[in-house]
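Engineer: Let the sequences and hints guide you as you build the complete structure.
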Amino acid sequence: MKRVLFVCTGNICRSPTAEGVLRRRAADRGLDKQLEIASAGLGDWHVGAPPDERSQEHARRRGYDLSAQRARHFKHRDFEHYDHVIAMDAGHHAQLLERCPPAQRHKLRLAADYAAVIPGDGVPDPYYGTARDFEQVLDMVEAL
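In case it helps, our numbering puts the sequence shown at residues 1309 to 1452.
No lab work stands behind these hints, which were simulated from the structure alone.
Be aware that one or more of the hints could be misleading.
Claimed, not checked - Derived pair list, reagent style SDA-like, types lysine to any residue, alpha-carbon separation capped at 20 Å:
no., residue 1, residue 2
1, LYS1383, CYS1408
2, LYS1310, GLY1338
3, LYS1383, GLY1338
4, LYS1415, HIS1392
Structural biologist: This is how it looks when you write it as structure tokens:
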């Protein structure tokens, strides 16, 4: 089994969207038993909360259900547990790199490493944006 963890700021917009999209795609391909997919936030202020309602609504329109997810805080042990730790933007990547044990650094990647449509600095945070920003996140995440 491969384990994938997406990481963003508070685990209510970008990383749960990525988790939901990858979960659904894995299930559609019959790979859901071969992948453990999760998400976490670097900040702990949303722990236990569902994804942002706007993220849920835009995802729902594309057939993704994020409603069962709950925000959780990134834990140091996640570096050991997951095979792939994917930072949603360059700031997250830098913070994770500072925390990551040298023996686990090969697991840490930036979402932009996986899709040409994602700018080098990563998936932008839609939290203070418009509906178009949430759609853009989905476009980028679907390209992963």
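Engineer: When the structure is checked against the list of hints, which entries are broken? Sort them ascending.
Structural biologist: Violated hint (a single one): 3; every other hint is consistent with the structure.
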